[in-house]
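S.K.: Residue numbers (our numbering), protein chains in the order written: chain D, 1 to 147; chain R, 1001 to 1245; chain A, 2001 to 2053.
If you are wondering where the hints come from, they were derived from the structure by calculation, not from laboratory data. It is possible that some hints are incorrect.
Unchecked claim - Covered by chain A, according to a simulated footprint, are these stretches of chain R (three or more residues, beta-carbon under 8 Å): (1) 1111-1123; (2) 1234-1245.
Stated by the list, open to error - The list that follows gives simulated cross-link-like pairs (lysine-lysine, DSSO-like), each with its CA atoms no further than 30 Å apart: (3) K47/D <-> K6/D; (4) K1233/R <-> K1157/R; (5) K82/D <-> K1157/R; (6) K2048/A <-> K1233/R.
Unchecked claim - Some residues of chain D that are not near chain R, with every Cβ distance over 10 Å (derived): (7) V19; (8) Q45; (9) K50; (10) L53; (11) H66; (12) G71; (13) D84; (14) V116; (15) V120.
Glycine included, each C-beta is placed from N, C-alpha and C at the ideal position.
Here is how the chains run, residue by residue.
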Amino acid sequence: MRAQRKQRLWFVVATLTCVAFAVGLSLYAVSKNINLFFSPTQVVQGKAPKHHLFRLGGMVKKGSIHYADKGLEVSFVLTDYKSDVTVHYHGILPDLFREGQGIVTQGKLNNKGLFVASIVLAKHGSKYMPRVVKEILYKHKGSSHAT
Amino acid sequence: MWTFFYKMSSGRSFYQLSGRFIPFFALASMLLFAYGLVGGLWLAPPDFQQGDAFRIIYIHVPSAFLSLMIFSVMTFCAVLSLVWRIKMADLILQVSCPLGAWFTALALATGSIWGKPMWGTYWVWDARLTSELILLFIYFGVIVLSHTIPEERTAAKASAILTLVGFVDIPIIHFSVNWWNTLHQGDTLKIFSKSTIAPSMLHPLLAMIGAFAFFYGWMCLSRARSLCLLKDKRARWVEELVKSW
Amino acid sequence: MVSHFEQFLAMGGYAKYVWSAYGLGVIVIIGNGIYTARIKRDAIAKLKRRYRT
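Using the sequences provided together with the hints, build the complete structure.
M.R.: Right, dumping it as structure tokens:
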């Protein structure tokens, strides 16, 4: 390789390294804020903000969904299989909202430790399969399954 | 290998060789589109969770894949251009950029359309969506930069450097779903382990990814050939070629 | 047959999402195809003018 070309190659490598380093450091610095949501365990441990809006993510605990007799009131428990947080919500739920489904909610903790949500979003898994296959696969595992 | 790239720095051999690839790319793309569309919309069964809404995957994933692939091609061209001064690399970079921007926009738009019924929102500022949006702006940046600098050689050099710098976003997009909590799900297609999608749904998806990739190859080579003729307009071979039509 | 086709169009109730996504896909693909053809046509026209004079 000619010397000139080698020099230009070094320039390219140096540029890439510097930029990657700078971006890597900045991402590391803000990495906590990039996470979209807090887990129930973090909330129970008091790591989530107390008085302002934040997002909470977890699985909807089986048998924990209670719909109000009228209106759009709903309450359910979000779990990460270590800790549980009860969520209250008033509004329209996404189509994928169901037991065992991963959910991200946005709202505030009230004084009693209840999470009052203003937004409920469904997180779905990266698994895709036909309904028939799913019925055969999970016949013995119960009805709900999601990642 | 190296002789191949050096040969490609001549407009004439690039024009001739790319001409041989274009019909193949065009045919492969159209056949795969035909199978992918029929397979994705008709043959593949509805998903156990998402019903028929999951069919958006056949547009969303191929365009998201292309948004990353095209930028990787551009970065490769940027290195060839900066280090080895291969002229054709600049052409490929220049014509790839708007194509990449279109597919990034398509990935964002279809993802948004998919997000509304499934997640419950068109948009959320999670790491995957935000880094993909940043990629769109990087594409815009390269397009604007190459058009605002009048001097050809400087414009090419500036776009190559910006492409090189922008490349750091590509691994961030790819790994964002593993590094951080996101609303966006993890990867379905995996190279080193089994993909988490049933074969009847997977085959149309692979076909669509192939169709999009060949379509990009077709468009990219065809546009680069046109620009190549214009660039070499003083050369004898171009004059002879044009007069023979 | 007609009901089959209507069922297909309905996309299990997700018709507007699925078809708008596919519509955008078709627009981007066809649009870029047309633009590529125009680039080629314009380039050839320009070169032909150049060599004629």
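S.K.: Hint by hint, say whether it matches the structure.
M.R.: Okay, the hints, checked on the actual structure:
1. 1111-1123: holds (count 4)
2. 1234-1245: holds (count 5)
3. K47/D <-> K6/D: violated (51 Å)
4. K1233/R <-> K1157/R: At roughly 22 Å apart (the allowed maximum being 30 Å), K1157/R and K1233/R satisfy the hint.
5. K82/D <-> K1157/R: violated (54 Å)
6. K2048/A <-> K1233/R: holds (10 Å)
7. V19: Incorrect as stated: the minimum Cβ-Cβ distance to chain R is 5 Å, not above 10 Å.
8. Q45: holds (16 Å)
9. K50: holds (20 Å)
10. L53: L53/D clear of chain R: closest Cβ-Cβ about 13 Å, beyond 10 Å.
11. H66: holds (20 Å)
12. G71: holds (18 Å)
13. D84: Per Cβ check, D84/D is outside 10 Å of chain R; nearest 18 Å; holds.
14. V116: holds (17 Å)
15. V120: violated (6 Å)
In the structure shown, a violation is registered for the earlier hints numbered 3, 5, 7, 15, in ascending order.
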